[in-house]
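S.K.: We have chain A already, so just place chain B on it with the hints.
Now for the letters of each chain:
2 protein chains.
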Amino acid sequence: MTSLRKETESEAGLAADDLQETWRILTTEDRLEAFLDLPRAEAEDFFLDLSARDQYELISAMPVAQRRSWMRLLPPDDAVDVVQEAEEHAERYELLALLDEQTKNEVTALLAYAEDDAGGLMTPSYARVRPDVSVDEAIAYLRRQGRDRLEHVNYVYVLDADQRLLGIVSFRDLFTAAPSRTVRDIMSADIVSAQEDTDQEALGQLFAQHDLQAIPVVDAEGRMKGIVTVDDIVDVLQEEATEDIQKIGGTEALDAPYLEVTFSEMLKKRVVWLAVLFVGESLTAIAMGRFEDEIAKAVVLTLFIPLIISSGGNSGSQASTLVIRAMALGEVTLSDWWRVVSREIIQGFSMGAILAVLGFLRVVAWQSAFHSYGEHYVRVAIAVSLSVVGVVMFGTMVGSMLPFILKRIGLDPASASAPFVATLVDVTGIVIYFTFASLLLRGVLL
Amino acid sequence: MTSLRKETESEAGLAADDLQETWRILTTEDRLEAFLDLPRAEAEDFFLDLSARDQYELISAMPVAQRRSWMRLLPPDDAVDVVQEAEEHAERYELLALLDEQTKNEVTALLAYAEDDAGGLMTPSYARVRPDVSVDEAIAYLRRQGRDRLEHVNYVYVLDADQRLLGIVSFRDLFTAAPSRTVRDIMSADIVSAQEDTDQEALGQLFAQHDLQAIPVVDAEGRMKGIVTVDDIVDVLQEEATEDIQKIGGTEALDAPYLEVTFSEMLKKRVVWLAVLFVGESLTAIAMGRFEDEIAKAVVLTLFIPLIISSGGNSGSQASTLVIRAMALGEVTLSDWWRVVSREIIQGFSMGAILAVLGFLRVVAWQSAFHSYGEHYVRVAIAVSLSVVGVVMFGTMVGSMLPFILKRIGLDPASASAPFVATLVDVTGIVIYFTFASLLLRGVLL
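Protein sequence lines, in the order shown, are assigned to chains A and B. Basically the numbering used here = 1-based index in the first sequence + 91. Basically the numbering used here = 1-based index in the second sequence + 91.
This is chain A alone, in the form it adopts within the complex (with noise of 0.2 Å):
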């Protein structure tokens, strides 16, 4: 990555940029390989910087011998993300008696919550202080608590003797304070903080939201659990998005890097999919099946079927991927859904209106130019333009429902894929179409 600048000058620092550099491209062997045979320091350093997923396939593919002092350089919250990627309960029990006491039984507790969750997210090490000290004590007493309680060290937090988060000071204003006032002094009640329970999906959005650095996590009686530092968050979003892509694509989310994912996963996560919609279209057959008389006494009516059903798709992706989004970035709740689709259905008139002026000139002109449409062309330019107008307004309104419908039933809105609205498009396009032109064509070509 050119952005990616490495001071240091000695070799092994550029070994390990090389190792970074190959990475993607590395069998896990081969990765275990060049990974070990970087110095310690930098192996560290390396070893910090992968993702949960490549962490848990090193430390697997390691020697047994090895794996605790790699194990036991993980963070609580970190070691906990590791633990996860073990499929099988025997896998992460040993995992876990890799670490000492203290950290195990933490990982243990944070284990107990769903990994997409503040409490899955959190981190049990926080700096923290009494209110009632002083400025100068607090420094001195938070340069004594160590390296393991200040991983993060922006925000102090103010507890009481029951662990009750009263307030958050930081660092800065703590440093810049007249040393003799007391902590309860500078710090500020007006704390925004997490339930352990709150999905990481919100807990994006209060970081987005508020700038912060961290959120501390509560229970129910206000008790510090753990904070959520936004370096965590910043994966969390990542993922998030890329889930919501894959699936607006029409795929099932991959939850892997895309050149690691096995041909057979990757066949199984898009075939499945693909056919449900293959079998959905097929009702298109149907509904062409019951206007056979007309296709066959009009053909000029069949040349336009895509043009229209395929306006129809377009306009429903457009407004489903604008909601599912929209409902991600939390702009739009189900309360909203009435003020979103009735907006959405004029949008879809208003282009419907526009397209259809393209599409009645676009065969008006061809006609003029090859008389490809036969006598009664104008009519089918109406039945066209006519069709048109409906598709794109179903679509719109589909489009814009789908993904309300989906999270009110409790699933993931942005299932509302651009094929799978298409599809559902697709076979009304084809009645409305036809319905349209046997009005407008009864007795004279049909």
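Since the hints were made in silico from the structure, they are not lab data. These numbers were taken from a predicted model, which means no experiment stands behind them. Hints are not guaranteed to be accurate.
The list makes no distinction among identical chains, and a pair is therefore deemed to hold if it is satisfied within one copy or across any two copies.
[Said to hold, decoys possible] Under the rule of at most 25 Å between Cα atoms (straight-line distance), these lysine to any residue pairs were calculated in the SDA-like manner:
hint: 1; residue 1: K388; residue 2: R533
hint: 2; residue 1: K360; residue 2: F440
hint: 3; residue 1: K360; residue 2: T424
hint: 4; residue 1: K360; residue 2: E292
hint: 5; residue 1: K359; residue 2: I445
hint: 6; residue 1: K388; residue 2: E466
hint: 7; residue 1: K360; residue 2: D427
hint: 8; residue 1: K359; residue 2: I437
hint: 9; residue 1: K360; residue 2: R430
hint: 10; residue 1: K195; residue 2: D302
hint: 11; residue 1: K360; residue 2: R453
hint: 12; residue 1: K360; residue 2: R434
M.R.: Chain B only, in chain A's frame:
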């Protein structure tokens, strides 16, 4: 937001919460009124939590006399964002004029950078020390440096007399080191840093990859220019993902919350793409026109057109979205193009084969049930199956290549939207289908 707990019981705290709850649905005027009703302290916290866009709109709506104190509340990097929200040069100048001399100079310097480069995201406020002072001296010195230099205190940057970045020492290390050691002893010289022109997507990857709280920005000579903090990157990552998702859905990026985009803006951002796709899709009418005789003779063929072309569109949008996201995450680079495309073609063949079996069974089953497809239904079924294989393969190929091509010629890969790919594939799908059909049915139905 349920996960947002404000500990304060004061009236004002509640008022601020109410405003936050209703913010989304208020007009700028109502927002300003409610905002100015808050007690100053509450208002300041609230103001600092707002997005740059909202801050800009509030300030522009205020009586001129009140603007100064709010602009001066912002740290330099946030002030830059607010100024950049202003479209006209004159307006930007007015906003700059509200700042004190020093901040104005810092902001003007930052304005010189592109909005989405490291230079445009960085803040010039960071904690700095000389390498040869003792730990105790460093801590004492930092306490004297005061608030503005300590916006983010997780890292202290070690600079030589020429402002060259020698190393980084975490507050944790500084805090827990023996007071008499020198900063040089405990600093890390192994620095992840960015250039002024590193773009925000690459920055986001650096943060996600290294779990850093801040990244220093240096010029070509390694002189320290500022730091980018992870809390600013959270918003950036959100925006980047939102843009990609909206483009994948076949609209231009909205650049604003869904509900805040005016009807006409929204229409403009959507109908342009729809119209382009509509014109492109009208090629299908031409393609089908070339097979009008075949259609007239064998109407049954037309029934499967939507089924076949949509399969290509769906597999294509799967491929393009997977590749687009893999590129955005840096999992796939231009040089991987053949590795990806060849893999996608094989995926396409496998998926096509599975769908082909479904298609064949579908036709045969329907025939035995309703005798809808005439005596030569087996040949029709074969034509459909072969076409599905060809179309799905073609879809995955186009869908996976398009993002590479767009990126190669300097466009955004995310413009390879599902609708765009589908349109490209539809025309070819029709040609493929009718070619197979005429081969198989020539002399029989045709």
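S.K.: Hint by hint, note whether the structure agrees.
M.R.: So, going through the hints one by one against the coordinates:
Taking the shortest Cα distances, K388 and R533 sit within 25 Å of each other both inside one copy (11 Å) and across copies (22 Å). When the C-alpha separation of K360 and F440 is checked against a cutoff of 25 Å, the pair qualifies only between copies, where the shortest distance is 15 Å, while the shortest distance within a copy is 36 Å. Taking the shortest alpha-carbon separations for K360 and T424, only the inter-copy value of 23 Å comes in at or below 25 Å, while the best intra-copy value is 29 Å. Within a single copy, K360 and E292 get their C-alpha atoms as close as 23 Å, which meets the 25 Å cut-off; across copies the closest is 27 Å, which misses it.
In the homo-oligomer, the alpha carbons of K359 and I445 lie at most 25 Å apart only across protomers (11 Å), although the nearest pairing inside one protomer, at 41 Å, exceeds that limit. With identical chains, the CA atoms of K388 and E466 are at most 25 Å apart both within one copy (14 Å) and between copies (21 Å). When the C-alpha separation of K360 and D427 is checked against a cutoff of 25 Å, the pair qualifies only between copies, where the shortest distance is 22 Å, while the shortest distance within a copy is 32 Å. Within a single copy, K359 and I437 get their C-alpha atoms only as close as 39 Å, which misses the 25 Å cut-off; across copies the closest is 14 Å, which meets it.
Taking the shortest Cα distances, K360 and R430 sit within 25 Å of each other only across copies (20 Å), while inside one copy they are farther apart (34 Å). In this assembly of identical chains, K195 and D302 lie within 25 Å of each other by CA distance solely across copies; the values are 23 Å between and 32 Å within a copy. With identical chains, the CA atoms of K360 and R453 are at most 25 Å apart between copies only, with a shortest distance of 23 Å across copies and 40 Å within one. Proximity of K360 and R434 under a CA criterion of 25 Å is satisfied inter-copy only: 15 Å between copies versus 34 Å inside one chain copy.
Against the hints set out earlier in the document, no violation occurs for any number.
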